[in-house]
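Let the sequences and hints guide you as you build the complete structure.
Listed here are the chains, written in short residue letters.
There are 2 protein chains.
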Amino acid sequence: MDKKGILVVVSGFSGAGKGTIMKRLLEEYPENYALSISATTRAPRPGECHGKEYFFVSEETFEKMIQKDALIEYARYVSNYYGTPKEYVLEQLGQGRDVILEIEIQGALKVKEAYPDTLLLFVSPPNAGELKKRLVNRGTESKATIDSRLKRAFEEAQGVEQYDYFVINDELEECVQEVHSIIKNEHARVARNYALIENIRAELKGFAKGE
Amino acid sequence: MDKKGILVVVSGFSGAGKGTIMKRLLEEYPENYALSISATTRAPRPGECHGKEYFFVSEETFEKMIQKDALIEYARYVSNYYGTPKEYVLEQLGQGRDVILEIEIQGALKVKEAYPDTLLLFVSPPNAGELKKRLVNRGTESKATIDSRLKRAFEEAQGVEQYDYFVINDELEECVQEVHSIIKNEHARVARNYALIENIRAELKGFAKGE
Numbered sequence: 138m139d140k141k142g143i144l145v146v147v148s149g150f151s152g153a154g155k156g157t158i159m160k161r162l163l164e165e166y167p168e169n170y171a172l173s174i175s176a177t178t179r180a181p182r183p184g185e186c187h188g189k190e191y192f193f194v195s196e197e198t199f200e201k202m203i204q205k206d207a208l209i210e211y212a213r214y215v216s217n218y219y220g221t222p223k224e225y226v227l228e229q230l231g232q233g234r235d236v237i238l239e240i241e242i243q244g245a246l247k248v249k250e251a252y253p254d255t256l257l258l259f260v261s262p263p264n265a266g267e268l269k270k271r272l273v274n275r276g277t278e279s280k281a282t283i284d285s286r287l288k289r290a291f292e293e294a295q296g297v298e299q300y301d302y303f304v305i306n307d308e309l310e311e312c313v314q315e316v317h318s319i320i321k322n323e324h325a326r327v328a329r330n331y332a333l334i335e336n337i338r339a340e341l342k343g344f345a346k347g348e
Numbered sequence: 138m139d140k141k142g143i144l145v146v147v148s149g150f151s152g153a154g155k156g157t158i159m160k161r162l163l164e165e166y167p168e169n170y171a172l173s174i175s176a177t178t179r180a181p182r183p184g185e186c187h188g189k190e191y192f193f194v195s196e197e198t199f200e201k202m203i204q205k206d207a208l209i210e211y212a213r214y215v216s217n218y219y220g221t222p223k224e225y226v227l228e229q230l231g232q233g234r235d236v237i238l239e240i241e242i243q244g245a246l247k248v249k250e251a252y253p254d255t256l257l258l259f260v261s262p263p264n265a266g267e268l269k270k271r272l273v274n275r276g277t278e279s280k281a282t283i284d285s286r287l288k289r290a291f292e293e294a295q296g297v298e299q300y301d302y303f304v305i306n307d308e309l310e311e312c313v314q315e316v317h318s319i320i321k322n323e324h325a326r327v328a329r330n331y332a333l334i335e336n337i338r339a340e341l342k343g344f345a346k347g348e
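Going down the list, the sequences are from chains E and B.
Take the first sequence: its letter number 116 is residue 253 in the numbering used here, and every next letter is one higher.
Take the second sequence: its letter number 51 is residue 188 in the numbering used here, and every next letter is one higher.
Everything labelled a hint here was simulated from the structure, so no lab data went into it.
Hints may contain errors.
Where chains are identical, the list cannot tell them apart; a pair therefore holds if satisfied intra-copy or between any two copies.
The calculated EDC-like cross-link candidates involving lysine to aspartate or glutamate, where the alpha carbons are at most 16 Å apart (straight line), are [unchecked claim]:
1. LYS321 with GLU168
2. LYS201 with GLU241
3. LYS342 with GLU267
4. LYS346 with GLU292
5. LYS342 with GLU292
6. LYS342 with GLU293
What follows is the structure in structure tokens.
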């Protein structure tokens, strides 16, 4: 089976529980996964640490990273840059770890373009009513914020067809195991095992010749 | 998640253990799976039962099945027909069971052509040496038979690129669980969940309009 790490993008509606799923995945299988950390030019919020939530860099540094092709993908939202540093991701993949990026749909499609064997997962609650309920139940968001999140969710749902898996987060622990097994099984995809298949073929050819 | 059954073709080198894997799968998950039984015009061998190993039918009956388009795929080997009756397969799929066909590579590709959302799994021992060893260790086959099986295996390995998964049968119970989880996860493929995705989208659209 393929031993190289797989690049995995996890996207999903806000309120779908992506963050929690990924946290659990890394807690349970620390040897299997690495979480990519984004770089950003926005200022850290209270409690955020450099190298944990984000790498906080200056605009100048970020633009140098763009020039040096040191980012897998990047985008500018409002007046800040956000991007995925390449070096760490490639290093972890080379060590056989599956690297998870949590990014939204436009970024995901850019990653897929640059690295066509990226696995794209989309996490959703079982239905939209549940999504609304979860946003409301947080109790921390205003009606306007909830409405704008729901509108954003509708927009995000437009690109889902380009994803590989649509994972329902109904019961958290089940969902974590499902995501884990989807990624694990992906290593057995024929397209990721050409070298192994070629080896077996060459051996069989030898036997058929009576070697 | 998609509730319709998935048509699954399992192929693999003879000696790879396909039969045992499928037997274990049906024993462990009888509610999930149905095994398709082929029809054939060859005579039953001692111990073989009609409706268990095969449906044993006359040449006339088989040709009527062909005419009535009652077979998913069929082929003629030596002087006998072999084929997959359609009715049972479609009935089981409709009931939400995943239906497994154990057929070789030419048949598998015909099934995929007729039913493009068929999942194709190829089972292999970890390497060709292991395959040879298993054939030799059976102790029931002559050297000529083993050689011809190895030659056949080499020929079969030619179509593997058209399969979805390349499953290594190293440790039986692990392999059974892997096959089970591959099939289970397949239900979460985006392409199998368009209706669900459409529903969520329609709901979100409603919320965005303030419904």
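Here is how each hint holds up against the structure:
1. In this homomeric assembly, LYS321 and GLU168 come within 16 Å of each other (Cα to Cα) only inside a single copy, at 13 Å, whereas the closest approach across copies is 24 Å.
2. Proximity of LYS201 to GLU241 under the C-alpha cut-off of 16 Å is found in neither arrangement, the shortest distances being 23 Å within a copy and 55 Å between copies.
3. In the homo-oligomer, the alpha carbons of LYS342 and GLU267 lie at most 16 Å apart only across protomers (14 Å), although the nearest pairing inside one protomer, at 56 Å, exceeds that limit.
4. Proximity of LYS346 and GLU292 under a CA criterion of 16 Å is satisfied inter-copy only: 13 Å between copies versus 59 Å inside one chain copy.
5. For a Cα distance limit of 16 Å, the shortest separation of LYS342 from GLU292 across copies, 9 Å, qualifies, whereas the shortest one inside one copy, 53 Å, does not.
6. In this assembly of identical chains, the alpha carbons of LYS342 and GLU293 lie at most 16 Å apart only when taken from different copies (12 Å versus 50 Å within one copy).
Hint check: a violation occurs at hint 2 only; the rest are consistent with the structure.
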